[in-house]
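Asker: Reading the sequence shown from the start, the letters are residues 475 to 1045 in our numbering.
Honestly, the hints are just simulated from the structure, not real lab data. Certain hints may be false.
Derived CB-CB ranges, DEER-like [unchecked claim]:
{"#": "1", "residue 1": "Asp560", "residue 2": "Asn712", "range": "26 to 36 Å"}
{"#": "2", "residue 1": "Glu632", "residue 2": "Asn714", "range": "51 to 61 Å"}
{"#": "3", "residue 1": "Pro794", "residue 2": "Lys858", "range": "54 to 64 Å"}
{"#": "4", "residue 1": "Arg866", "residue 2": "Lys646", "range": "25 to 35 Å"}
{"#": "5", "residue 1": "Arg778", "residue 2": "Asn824", "range": "10 to 20 Å"}
{"#": "6", "residue 1": "Gly967", "residue 2": "Ser826", "range": "31 to 41 Å"}
{"#": "7", "residue 1": "Gly557", "residue 2": "Arg879", "range": "35 to 45 Å"}
{"#": "8", "residue 1": "Gly838", "residue 2": "Lys964", "range": "44 to 54 Å"}
{"#": "9", "residue 1": "Lys858", "residue 2": "Pro670", "range": "47 to 57 Å"}
{"#": "10", "residue 1": "Gly756", "residue 2": "Gly990", "range": "35 to 45 Å"}
{"#": "11", "residue 1": "Gly710", "residue 2": "Gly756", "range": "40 to 50 Å"}
{"#": "12", "residue 1": "Arg683", "residue 2": "Glu632", "range": "10 to 20 Å"}
{"#": "13", "residue 1": "Ser826", "residue 2": "Gly557", "range": "49 to 59 Å"}
For each residue, glycine too, the CB sits at the ideal point set by N, CA and C.
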Amino acid sequence: MAPIYRLPFSRSLALLAGIALTAGPVAGGAEQAFAQVQNSGAAAGAQVPPTTNNQATQAVAPTMTMNPAMNAGPASVADLAAGLLDAVVNISTSQKVKDEGNGPATPKLPENSPYQNEFNDFFNNKKDDDSNRKVSSLGSGFVIDPSGYIVTNNHVIEGADDIEAIFPNGTKLKAKLIGTDTKTDLSVLKVEPKHPLPAVKFGDSSKMRIGDWVMAIGNPFGLGGSVTIGIVSARGRNINAGPYDNFIQTDAAINKGNSGGPLFNMKGEVIGINTAIISPSGGSIGIGFAVPSELAEGVVNQLRDFGETRRGWLGVRIQPVTDDVASSLGLGSAKGALVAGIIKGGPVDNGSIKAGDVILKFDGKEVDDMRDLLRIVAESPVGKEVDVVIYREGKEQTVKATLGRQEDSNQAAAAEGDKGGQKPQLAPDGNGSHDGIINPDEGDDGNDDGMDGQDQGDNPQQSPQAQPPAQSSSTVLGLKLAKLTAENRKSFGIADSVDGVVITEVAPGSAAAEKGLKPGDVVVEVAQEFVQTPNAASEKVSSLKREGRRNAQMMIASPNGDLRFIAVALE
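Whenever a hint applies, use it, and build me the whole structure from the sequences.
Answerer: Here you go:
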């Protein structure tokens, strides 16, 4: 039992006096409430004791009007929970796991020991018995259709050999996996009940506001049918769990075993699927995350109908718009998604969207950052024609795009890989996403052919041989640049497909060095203009300075052809 510390009597009185002084208005409000009770009693014929002068003086003290509801706490959710508990199930899984390693070694005994055979038999049998262990785990789920469709998290059932749904009345039913989606961590199961099951429906999570009450039901630590309540603490949380992170954060207690369970609004509608927590101990500290229904419902319907997801695909590679990039492009603020390349054979390979464009709106929805575009495109129907608002050459434009299917993107990427490096590829950005709009993390065509024609300056038809001779090297923004030759291609290992001017030296401490540029990198473009000589790069930077630009946007190719956009401060 924890120790109880008691204050001395005199000190307690002093503290009470201090509280009375600081909470005078509250005390006055309490007296006013007591006076109201007395008056109501008098109206009912009860005798009211006469007031003294002191009491009369206290009655006119400053008061604070109190709302009685403020003292009552939240209304009971008992009736709401009673109607939902039967639709929430425990998900029990089992899996055979093969032990790694050979286990304990057989002891070495003296030669011709009488017990050698017994030891050998014991340890050999032990290894055989332990080679495959059956591992069980528990999670939560909920019924969305009386015929037996159940939603849970993918990580609850991933790799399971057997899945069982345990209902509140103790009924156990074998469950079949209908479909799963690792990108949103959602799965749909199917059981075969003898009678229709209690089911719940999805609500609209987009209508939930920070501070709204929510209720979680699940199976924490194997304790089925546990109900907890809390509020929506935040929305749109990105916890780097997947490419479409848009979690609802709640302080409703979510613990191990709650995964896959529903998060309800006060109408009894599922507005989230409890998925993750932040905790140093493994237990709830009031920071839980649920996949919002606005994302989950579409995924669940596709898994239920097709056994797989069918997401929209734009066929572009994107990277974030930083403050420096926004400044170099003339954007008022860092928003949208910067197109770093176009996938050959993709939906917008027709030139409607080009590398260097910034996508600001997609199908009428604002794109505040790169992840917004990933999610919006993935949620859009395959084959739909949409309006895309882009920022190009200093002004906004609206173009049309017809979405392909995201699942076809892997085939397109594979086809590009079969070309043997004929085109520059895009460098990774660390987000590790391959979905919908593909992040710059896989080899792919940057569609430079479409850009080179307009990047030759005022005379795009002029061949490189017809251009006037240029200096062999130049220093720009701390970069020593040189024209690409057979010698420096060999020296830096630069692929034949890469074109531009090579960086031979980087001044330590320069803005370019801070951006990670290094010898062997190739400057392909400066401010969306192709540069093939050091002099052309120098002149373009000088032009930007005269225009009052603070940054120069550059397309950089690594020696193997990976592309990325950076913005270097103009010194």
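Asker: With 49 to 59 Å as the target window, see if Ser826 and Gly557 comply at their CB atoms.
Answerer: This hint holds: roughly 51 Å between Cβ atoms.
Asker: Return holds or violated for the Cβ distance of Gly557 and Arg879 against the range 35 to 45 Å.
Answerer: holds (40 Å)
Asker: Return holds or violated for the Cβ distance of Gly756 and Gly990 against the range 35 to 45 Å.
Answerer: Given range 35 to 45 Å: holds, Cβ gap about 38 Å.
Asker: Assuming the hint says 40 to 50 Å, is it satisfied by the Cβ distance from Gly710 to Gly756 or not?
Answerer: Violated - the Cβ-Cβ distance for Gly710 and Gly756, about 26 Å, lies outside 40 to 50 Å.
Asker: Is 10 to 20 Å respected by the C-beta to C-beta distance linking Arg683 and Glu632?
Answerer: Given about 33 Å between the Cβ atoms, the range is violated.
Asker: For Gly967 and Ser826, compare the CB-CB distance with the range 31 to 41 Å and indicate the outcome.
Answerer: Holds - the Cβ-Cβ distance for Gly967 and Ser826, about 36 Å, lies within 31 to 41 Å.
Asker: Between Arg778 and Asn824, is the Cβ distance one that fits in 10 to 20 Å?
Answerer: violated (34 Å)
Asker: Could you say whether the range 44 to 54 Å given as a hint is met by the Cβ separation of Gly838 and Lys964?
Answerer: Cβ of Gly838 to Cβ of Lys964: about 52 Å, so the range 44 to 54 Å holds.
Asker: Check the following: the C-beta atoms of Asp560 and Asn712 are separated by a distance inside 26 to 36 Å.
Answerer: holds (35 Å)
Asker: Measuring from beta carbon to beta carbon, are Arg866 and Lys646 in 25 to 35 Å?
Answerer: violated (60 Å)
Asker: Take a look at whether the Cβ-Cβ distance between Lys858 and Pro670 falls inside 47 to 57 Å.
Answerer: Cβ of Lys858 to Cβ of Pro670: about 35 Å, so the range 47 to 57 Å is violated.
Asker: Hint says 54 to 64 Å; check whether the CB-CB distance for Pro794 and Lys858 agrees.
Answerer: violated (26 Å)
Checked against the numbered hints above, the structure violates hints 2, 3, 4, 5, 9, 11, 12; every other hint is satisfied.
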